[in-house]
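Peer 1: Sequence:
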Amino acid sequence: MKFLAITLIVHDRTKSPRDRLREVVDNAVFAEEAGFDGFGVGERHEAPFISSSPPVVLSHIAARTSRIRLFTAVTTLSLLDPVRAYEDYATLDNLSDGRLELIVGKGNGTAQAQLFHVTTDDQWDRNREGYELFTRLWREDRVTWEGRFRPSLTDAEVLPRPLQQPIRIWHGSATSKASVELAAQHGDPLFSANVTNPVEPYEALVRHYRERLAFHGHDPSTALVGAGSAGTYVHEQSQVAIDTYRPIFNARLETFRRFGVEPVFTSIEDAIERSSVLVGSPQQIIDKVHRYHDRLGHEVMHVQADADGLTDKQHRASLELFQAEVAPVLRREIPSRPLGVPA
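If you count by full-length UniProt numbering, then the sequence shown holds residues 1 to 343, one letter each, in order.
Treat each hint with caution, since some may be false.
Think about it this way: if two alpha-carbon atoms lie no more than 20 Å apart in a straight line, the pair counts; the simulated DMTMM-like pairs of lysine to aspartate or glutamate are [unchecked claim]: (1) K177 / E269; (2) K313 / D19; (3) K313 / E32; (4) K177 / E236; (5) K177 / E132; (6) K177 / E211; (7) K177 / D219; (8) K15 / E46; (9) K15 / D306; (10) K177 / E203; (11) K288 / E269; (12) K15 / E32; (13) K313 / E23; (14) K313 / E333; (15) K15 / D312; (16) K288 / E200; (17) K313 / D243; (18) K288 / E236; (19) K288 / D219; (20) K177 / D243; (21) K177 / D125; (22) K313 / E299; (23) K288 / E203; (24) K15 / D88; (25) K288 / D312; (26) K288 / E273; (27) K313 / D122; (28) K15 / E33; (29) K313 / E203; (30) K177 / D122.
Across the chosen pairs, the derived CB separations fall in these ranges [unchecked claim]: (31) E333 / D122: 40 to 50 Å; (32) E333 / K15: 35 to 45 Å; (33) D122 / E87: 31 to 41 Å; (34) T120 / H208: 38 to 48 Å; (35) R316 / S59: 43 to 53 Å; (36) R13 / H208: 34 to 44 Å.
No lab work stands behind these hints: they were computed from the structure.
Using N, Cα and C, we set each Cβ at its ideal position, and we do this for glycine too.
Can you make the complete structure from the sequences, with help from the hints?
Peer 2: This is how it looks when you write it as structure tokens:
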């Protein structure tokens with residue numbers, strides 16, 4: 001199994017934007033030093049996030065690291081001009097010496113959709129069209145193209161040319177079959193959010209993905225799947241882990257209720273039992289990841305890159321323990337293909 005740490009760069013205004021962004025870069029450097037395979041930066045265009053420019057953040061991370069793969073989590077092609085997105089990410093691919101890993105998707109949030117004048121009626125069409133043009137720009141030196149949502153291209157040369165050729169493109173999936181269908185149609189890997197709900201709906205979508213791979217003529221036995229987790233705190237003593245994480249989880253419940261959202265999981269014990277939250281001792285985390293792997297068949301898993309209410313010392317100690325006692329066992333027991341090598 002491979003492991004990445006991801007952030008959506010939540011900004012709670014206790015730090016300046018400068019300090020929060022620098023913290024993200026420092027966390028990426030730490031993730032590489034700790035032994036993570038990848039670091040992901042999400043893309044959101046509304047409060048409380050300040051992750052509107054992942055290629056800029058990832059380029060700075062590239063300059064301060066040398067090995068770790070750089071994930072977008074996700075690149076919102078429903079909102080972006082695919083030509084500009086291609087230019088940004090081809091530049092990042094060169095600057096990072098070919099360490100870019102793209103996860104694409106339509107994104108979430110009504111405010112950001114309004115900002116870019118994207119509607120629920122056209123968001124999936126925009127995502128599909130953006131993906132199709134983006135992949136052609138990556139593969140082809142010159143492109144002639146016509147679509148619905150941006151001006152046409154005639155024998156267009158878009159620069160720079162990328163370093164990785166071809167590049168693996170993952171499709172981020174939360175609850176919709178539309179993203180699964182696009183991934184299956186093109187034989188691309190799927191990254192399941194696996195955060196908000198119990199495992200069952202995510203399992204159903206991954207199963208549907210494999211069925212649609214076969215429908216489109218791809219071998220479902222070679223399907224590459226990643227999955228997220230809803231929070232992480234590893235401690236040698238499981239009760240210490242639970243008691244430490246409890247106020248963090250309870251604060252999250254209050255936030256949901258303040259915005260009129262009834263939480264799916266009502267206590268930290270409920271979340272540990274039924275959600276993808278990874279809180280407990282190293283062996284408990286190993287056992288839980290195995291249970292999820294039995295349902296999803298994933299080879300890649302993400303954990304939170306941010307402290308998320310833990311102290312910086314607690315957070316880093318947790319990730320270090322994860323890499324020392326959890327990751328080696330899961331790497332050995334769950335085979336995974338190399339990152340950066342398209343199937």
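Peer 1: Does each hint fit the structure? Answer for all of them.
Peer 2: Quick rundown of the hints versus the structure:
1. K177 / E269: violated, 30 Å
2. K313 / D19: holds, 18 Å
3. K313 / E32: This hinted pair holds, its Cα atoms lying about 17 Å apart.
4. K177 / E236: violated, 39 Å
5. K177 / E132: At roughly 18 Å apart (the allowed maximum being 20 Å), E132 and K177 satisfy the hint.
6. K177 / E211: holds, 12 Å
7. K177 / D219: holds, 19 Å
8. K15 / E46: Measuring from Cα to Cα gives roughly 17 Å; hence the hint holds.
9. K15 / D306: The hint holds at about 14 Å.
10. K177 / E203: Within the cut-off at roughly 12 Å; holds.
11. K288 / E269: holds, 14 Å
12. K15 / E32: Roughly 24 Å between the alpha carbons, so the hint for K15 and E32 is violated.
13. K313 / E23: Distance ~14 Å between K313 and E23 Cα, so the pair holds.
14. K313 / E333: violated, 29 Å
15. K15 / D312: Given pair K15, D312 holds - Cα atoms ~14 Å apart, limit 20 Å.
16. K288 / E200: holds, 15 Å
17. K313 / D243: Status holds; Cα separation ~16 Å.
18. K288 / E236: holds, 16 Å
19. K288 / D219: violated, 28 Å
20. K177 / D243: Measuring from Cα to Cα gives roughly 37 Å; hence the hint is violated.
21. K177 / D125: Holds: K177 and D125 sit about 14 Å apart, inside 20 Å.
22. K313 / E299: violated, 29 Å
23. K288 / E203: holds, 15 Å
24. K15 / D88: violated, 28 Å
25. K288 / D312: Violated, at about 25 Å.
26. K288 / E273: holds, 9 Å
27. K313 / D122: violated, 45 Å
28. K15 / E33: violated, 25 Å
29. K313 / E203: violated, 35 Å
30. K177 / D122: Holds, because 16 Å separates the two Cα atoms, which is no more than 20 Å.
31. E333 / D122: 40 to 50 Å: holds, 44 Å
32. E333 / K15: 35 to 45 Å: Given a distance of about 39 Å, which is inside 35 to 45 Å, the answer is holds.
33. D122 / E87: 31 to 41 Å: At roughly 23 Å between Cβ atoms, E87 and D122 fall outside 31 to 41 Å, so the hint is violated.
34. T120 / H208: 38 to 48 Å: Since T120 and H208 have Cβ atoms about 21 Å apart, the given range 38 to 48 Å is violated.
35. R316 / S59: 43 to 53 Å: Since the Cβ atoms of R316 and S59 sit about 24 Å apart, the hinted range of 43 to 53 Å is violated.
36. R13 / H208: 34 to 44 Å: holds, 40 Å
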